[in-house]
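Starting from the known structure of chain A, arrange chain B on it as the hints suggest.
Heads up: the sequence lines are chains A and B, in that order. Position one of the first sequence corresponds to residue 1 (the working numbering), numbered consecutively onward. Position one of the second sequence corresponds to residue 1001 (the working numbering), numbered consecutively onward.
Hints are not guaranteed to be accurate.
Cross-link-like lysine-lysine pairs, in silico, PhoX-like; alpha carbons within 25 angstroms at most [as the list claims (entries may be wrong)]:
{"hint": "1", "chain 1": "B", "residue 1": "Lys1093", "chain 2": "B", "residue 2": "Lys1106"}
{"hint": "2", "chain 1": "B", "residue 1": "Lys1106", "chain 2": "A", "residue 2": "Lys86"}
{"hint": "3", "chain 1": "B", "residue 1": "Lys1097", "chain 2": "B", "residue 2": "Lys1039"}
{"hint": "4", "chain 1": "B", "residue 1": "Lys1093", "chain 2": "B", "residue 2": "Lys1104"}
{"hint": "5", "chain 1": "B", "residue 1": "Lys1039", "chain 2": "B", "residue 2": "Lys1099"}
{"hint": "6", "chain 1": "A", "residue 1": "Lys86", "chain 2": "B", "residue 2": "Lys1093"}
{"hint": "7", "chain 1": "B", "residue 1": "Lys1039", "chain 2": "B", "residue 2": "Lys1093"}
{"hint": "8", "chain 1": "B", "residue 1": "Lys1104", "chain 2": "A", "residue 2": "Lys86"}
From the structure, some residues in chain A lie toward chain B, with a derived Cβ separation under 10 angstroms [said to hold, decoys possible]:
{"hint": "9", "residue": "Val3"}
{"hint": "10", "residue": "Tyr9"}
{"hint": "11", "residue": "Arg25"}
{"hint": "12", "residue": "Asp34"}
{"hint": "13", "residue": "Val36"}
{"hint": "14", "residue": "Val37"}
{"hint": "15", "residue": "Leu41"}
{"hint": "16", "residue": "Gly48"}
{"hint": "17", "residue": "Ile49"}
{"hint": "18", "residue": "Ser51"}
{"hint": "19", "residue": "Phe74"}
{"hint": "20", "residue": "Thr77"}
{"hint": "21", "residue": "Tyr83"}
{"hint": "22", "residue": "Leu84"}
{"hint": "23", "residue": "Arg87"}
Think of the hints as simulated: they come from the structure by calculation, not from any bench. Every residue gets a Cβ at the ideal spot worked out from N, C-alpha and C, and that includes glycine.
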Amino acid sequence: MSVYDFLYYIILPVLAISTLLIFIRFLIGPSLSDRVVALDLLLTTGIGIISIYSIYTDQPAFLDIAMIMALIAFLGTVAFSYYLNKRDKNE
Amino acid sequence: MNNFFIITLSALGAIFILLASVGLIRMPDLYLRISVTTKAATLGIGLILIAAAIYFNELGITSRVLAIITFILLTAPVGAHMIGRASYFSGVKLWPKSKIDDLKDKYNPKTQELLSGIDKTEEKNEHKDSN
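Just chain A, with the same shape it has in the complex (with noise of 0.2 angstroms):
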């Protein structure tokens, strides 16, 4: 059994259950900030995905947009909670 064999058999299906595990709880958060917070974890796993992805296809170019996905994730995490933050001043 190579590596290939090992990371598309057993690591992506173990973070392909991890993803839908995170999105159960992005269906279901009861408040906003649950949502935020899983939302911000589903794009950290999913450069834990790109990055086994270019191992798998021998594609180093990836990282790249593994390090945008990083980017955007802060972003969006800090960009969610100031608008919490503006949304209960005004009510």
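Relative to chain A, chain B alone:
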């Protein structure tokens, strides 16, 4: 030898990410969920990225991977703190069984100013002076 390191690191990283997602489902409270996701998921992503760096074994890709890991390590606590602060101020309840709420009655929800013990004693002294 490289294959052994790649397999071990990626398996550990996937296990940590799976634990983070199970914790996100199972934890009873928003704040506990934030705590789980920041710690476990950051460690898991770091391990998987190190596995990618070992596989490609080039200087440019290793530095890129180190930049991603440093960025995640810097931004995960900041983002978690910001979303936790915003959700506490917007009134997300704590778990009923949690014992300590240090911020209770110590902040002003309108102006979002924190009151510490020092401010209270100063106010009392000022009142004494005015009287």
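Status of each hint after checking the structure:
1. B:Lys1093 with B:Lys1106: With Cα atoms ~16 angstroms apart, Lys1093 of chain B and Lys1106 of chain B stay inside 25 angstroms; holds.
2. B:Lys1106 with A:Lys86: holds, 21 angstroms
3. B:Lys1097 with B:Lys1039: Distance of about 22 angstroms is within 25 angstroms: holds.
4. B:Lys1093 with B:Lys1104: With a Cα-Cα distance of about 12 angstroms, the restraint between Lys1093 of chain B and Lys1104 of chain B holds, given a limit of 25 angstroms.
5. B:Lys1039 with B:Lys1099: Holds, at roughly 22 angstroms.
6. A:Lys86 with B:Lys1093: The given pair, whose Cα atoms are some 19 angstroms apart, holds under the 25 angstroms limit.
7. B:Lys1039 with B:Lys1093: holds, 22 angstroms
8. B:Lys1104 with A:Lys86: holds, 21 angstroms
9. Val3: Hint holds; Val3 of chain A Cβ to chain B Cβ min 5 angstroms, cut 10 angstroms.
10. Tyr9: Status violated, d = 12 angstroms.
11. Arg25: Interface hint status for Arg25 of chain A: holds (5 angstroms vs cutoff 10 angstroms).
12. Asp34: Holds, about 6 angstroms.
13. Val36: holds, 6 angstroms
14. Val37: holds, 6 angstroms
15. Leu41: holds, 5 angstroms
16. Gly48: Because about 5 angstroms separates Gly48 of chain A from the closest Cβ in chain B, which is inside the 10 angstroms limit, the hint holds.
17. Ile49: holds, 9 angstroms
18. Ser51: The hint holds - Ser51 of chain A has a Cβ within 10 angstroms of chain B, the shortest such distance being about 4 angstroms.
19. Phe74: Holds - the Cβ of Phe74 of chain A comes within 10 angstroms of chain B, reaching about 4 angstroms at its closest.
20. Thr77: This hint holds: Thr77 of chain A lies near chain B, its Cβ roughly 4 angstroms from the closest one there, short of 10 angstroms.
21. Tyr83: At about 9 angstroms, which falls below the 10 angstroms cut-off, the nearest Cβ of chain B leaves the hint on Tyr83 of chain A intact, so it holds.
22. Leu84: holds, 4 angstroms
23. Arg87: Interface hint status for Arg87 of chain A: holds (7 angstroms vs cutoff 10 angstroms).
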